[in-house]
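From just these sequences and the hints, can you work out the full model?
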Amino acid sequence: MSSFVVDKKGIKRYAVTIGVNGSEYTKVIKANTLLVNFLREDLDLTGTKRGCELGDCGCCTVMMDGKPVNSCLVLAMDCDGHEITTAEGIQDGEDLDIVQEKFVEHAAFQCGFCTSGMIVSSRALLNENPNPTDHDVREAIAGNLCRCTGYVNIVAAVLDAAKEL
Amino acid sequence: MKEYKVIGKSVRRLDAVEKATGTAGFTSDMKLPGMLYGKVLRSPHPHARIVSIDTSEAEKLPGVKAVATHKNTSRELFNTSATMTFTVPPMQPVLDQYIFDNVVRYVGDEVAAVAATSEKIAEAALKLIKVEYELLPTVYDPKEAMTTEAPVIHQCEMKNVPGEVIQIPFGDVEKGFAESDVIVEKEYKLPVVKQAQMETQAAVAQVSLDGKITVWCTTQTPHPTKMILAKLFSVPESKVRVLNPPYIGGGFGVRIGCSAKAEPIAVALSMLAKKPVKVVYSREEDFIASDTRHAGYVSVKLGAKKDGTFHAMHLKATLNGGAYCSFSVETPGVLGCMGLAVYRVPNQFYYGHSAYTNTTPAGAMRGFGNPQAMYAIESTVDMMAEKLGIDPLELRLKNIMQVGDPWVLPYKCGSTGLAECIEKGAKSIGWENRGKLNKPGAKKLRGIGMGVGTHVSNAWPFCGDYDNAYVTIQQDGSVHLASGVPDMGTGTSTTLPQLTAEVVGVSLDRVSMTLADTASTPFDIGSHASRALYAAGTAVVEAARDARRQVLEYAADLFKVAPERLVLEDSVIFPAGQTAGDDCAGSPVCTIGGKERKSITLKELAYDAHQRNKQFIGVGRIVPENAPPWHAHFAEVEVDTELCQVRVLRVAAVHDVGKAIHPVICEGQIEGGVLQGIGYALSEEIKYDDRGRQLENSFHKYMLPTADDVPEIETGLVEAHEPSGPFGAKGVGECGLVPTAPAITNAIYNATGIWFCEIPVTEEKMFRALKEKAGKTV
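Line order of the protein sequences matches chains A and B. Residues 1 to 165 in the numbering used here are what the first sequence spells out, letter by letter. Residues 1001 to 1778 in the numbering used here are what the second sequence spells out, letter by letter.
One or more hints might be untrue.
In the DSSO-like style, the derived pairs of lysine-lysine whose C-alpha atoms are separated by at most 30 Å in a straight line are [claimed, not checked]:
#	chain 1	residue 1	chain 2	residue 2
1	B	Lys1701	A	Lys67
2	A	Lys30	B	Lys1275
3	B	Lys1060	A	Lys9
4	A	Lys8	B	Lys1701
5	B	Lys1031	A	Lys8
6	A	Lys30	B	Lys1120
7	B	Lys1701	A	Lys9
8	B	Lys1175	A	Lys12
9	B	Lys1031	A	Lys30
10	B	Lys1127	A	Lys12
11	B	Lys1120	A	Lys12
12	A	Lys12	B	Lys1031
If you're looking for bench data, these hints aren't it; they were derived computationally from the structure. Here the structure is a predicted model, which means the values were calculated and not measured.
See below:
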């Protein structure tokens, strides 16, 4: 259990240490703080988007210990001691990750609002399965809604990225 | 034909790296020092008078900095849509709403708003506002809304009909039907659907102490939105700055004008609190309180000669406008004009309008009335084909509009590649296999269908429409473009620089663009009506030509030749007929920095000009024409008669886009439109319960197609040169959605023998229809 402080109104706040994109952050948060808000508001990592806050759209997808999760459905407290990877952390140093590179090359985005979540889900898939079929890709991103592209170039980009892994 | 260096090529999008790394700026990501969070109290009732409203408890909550209601905010009537800034005289814009009123007209209507130091405190404060309502009678159907029993939602000349009825006569329709051999008549019912753009409505407003207002927001039209806000808050337009930061998470028409009421509410709260205020709609608010597509009824009566020649058509539309007007006058106008523009029919008549109801306001959504028209017309054309015993494809080829044909629009049909689109699409889908796909007794039935259509490339004659642009040569010879259009994902931040680079004669990496900011770009109507590339692009080409002309005139002085003899290519200027660096004696030379030169780079020239106190500033000011893009869609479906499910297996979508400035962007627009069209045909619908509440108000209930639902989409481009467009280009943005639904429903008929005159074709509708066909009652 994380250590906590109690404020004048009797509300508990918990000290958590969460690994995000390779750095450790220790913050004092309320028990009901959502991971998406922790990332966006406390760490200013706005690459992770809020599209619905109900776990429907996938815009807020991040990796928790390598697995894709909707960060609007995860409490920040539950990430204490865990490693989170956001869209900003996919990049490999100065270079784009192969998934990002292929999204750029295939124009696998239009408005760009779903793109962060889409790239995180795709990267998580390729980490698990470096040789996905068309169906595997569609299944992996079925929880990420895109209203612009018809998903055509997204699927092409992920399959193309897999070829170069 | 001229070889282009930059246009016509699918270059890397200039917004790609930012978007792929999560660093692209969106309104909902913004944070300013001291910024407060705004939340809105919405009506739980579909129609009610506010008897009293008590905000005292909310104001006392620590962290609350302002509470806004109808009592302390602007009493200026307005319209959240940009129609209030560009309605074409003699028509008058319909101004029918306040930021907050003492009457609420739909579930979700704005009652009050709170600005507080956190979202949570603002939400808690909303619960402390006490409102007493007196309930009023309601109506939800547009036909019922026009009856004498229905409550008056707004005072109108014709009961609950905003603006005026659109009537378009062409030839003599009564005589036309009398002379027709075969007549088909049908009424179609259309659902409420939602743009469902991924970024919800959002605005951040900052009001400075000297009264200047800056609003970062998700609008598709920063300049018109500036005009709306200036009028609403009675400040000079010069003191209002509206901008995107710089991207928008999709639009599809939902924010032409204000982003629902995000901007007005953020500004009102910021004025009261004297701090920056951010308002971001939740997904539910986006569903219930920002414009939908118009639902309603469209009926078609089509008359033809025995040989298949169309002779008369009567089109009628009664659309559900919802509680406030938004685009409820223009949408039936576009519905009629587009519906009447596809086929050469000598005798036509259109009668259409909207009616107010106690539902979420309906406004602009991709296609703007056209998908409603073409679902009805293309279904009727297939019925006619069957009645005549003519192949539906042949019937269309026989009747489609040709260049120079008279039509109802005030501009010419200057180009059409529709016949080629139809032929290519038919080949791609395998039209010859139509009717041969099913074995006797099969439980899964397959069918092929088609639909065609046209659209606009800008908003005139339905709205006022003009564009400006600046192209400025920087002191190092690089090029800056300023255009007031946003990039809501459609790629304008790439394609407009492409046009600039091509015209000026530099590579794309030398061009940078400022977009969608009223303070640093000249007036532009904005991104809607498939117009950004066609219309704003025409202004950009004009500005780039102007800048290039100034450069060459300046260089002509140095070379001592006529400017027409000079070439500017790849940022190098040299006399025609001589390649850069060529050492041919006797050719013109320019003297710069004391040295004689056969050529000069744009970088050197711009700096030389700078040293002589001069900059090249190109200005483009244009009033665009309009032009028809064309499209033919073919769908192959499989109907599972046991599960009552329809699956789209393949879509072939061939579009005449004029010159494709960036082919991959064109194809992306089409693919996205196709998928939205599949949703329109099969799964997307918002229904209301008997208390006016949306039954589908989240992505959990409103069924958007996912990556798993996408059929094979074969996209084809036909490039019929459009004389009025930049480099021959036309609009493309909305077209993919227009003929998709009828291609699918016609394919369903081909598979099952059942006409669906109401979409979406859900499992429930299919179940009932199959039972009825089998002669059983449900």
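Against the structure, the hints:
Straight-line distance between C-alpha atoms of B:Lys1701 and A:Lys67 comes to about 26 Å, which keeps the hinted pair within the 30 Å bound. At roughly 26 Å between alpha-carbon atoms, A:Lys30 and B:Lys1275 fall within 30 Å of each other, so this suggested pair holds. Of the supplied pair hints, the one linking B:Lys1060 and A:Lys9 holds, its CA atoms being roughly 17 Å apart against a limit of 30 Å. Distance restraint check for A:Lys8 and B:Lys1701: the Cα-Cα separation of roughly 42 Å exceeds the 30 Å cut-off, and the hinted pair is therefore not satisfied.
Taking the CA atoms of B:Lys1031 and A:Lys8, the gap is near 28 Å; set against the 30 Å cutoff, the hint holds. Between A:Lys30 and B:Lys1120, the direct Cα distance comes to roughly 12 Å. Compliance with the 30 Å bound is thereby established for this hinted pair. A hinted pair counts as satisfied when its Cα atoms are at most 30 Å apart, and B:Lys1701 with A:Lys9 does not qualify at roughly 39 Å. Under the criterion of a C-alpha separation no larger than 30 Å, the hint pairing B:Lys1175 with A:Lys12 is inconsistent with the structure, at around 81 Å.
Our distance criterion of 30 Å between C-alpha atoms is met by B:Lys1031 and A:Lys30, whose separation comes to about 21 Å. Simply put, B:Lys1127 and A:Lys12 have alpha-carbon atoms about 23 Å apart, close enough for the 30 Å limit, and the pair holds. The hinted pair formed by B:Lys1120 and A:Lys12 meets the criterion: a straight-line CA distance of about 16 Å does not exceed 30 Å. With a C-alpha separation of about 27 Å, the suggested pairing of A:Lys12 with B:Lys1031 holds against the 30 Å cut-off.
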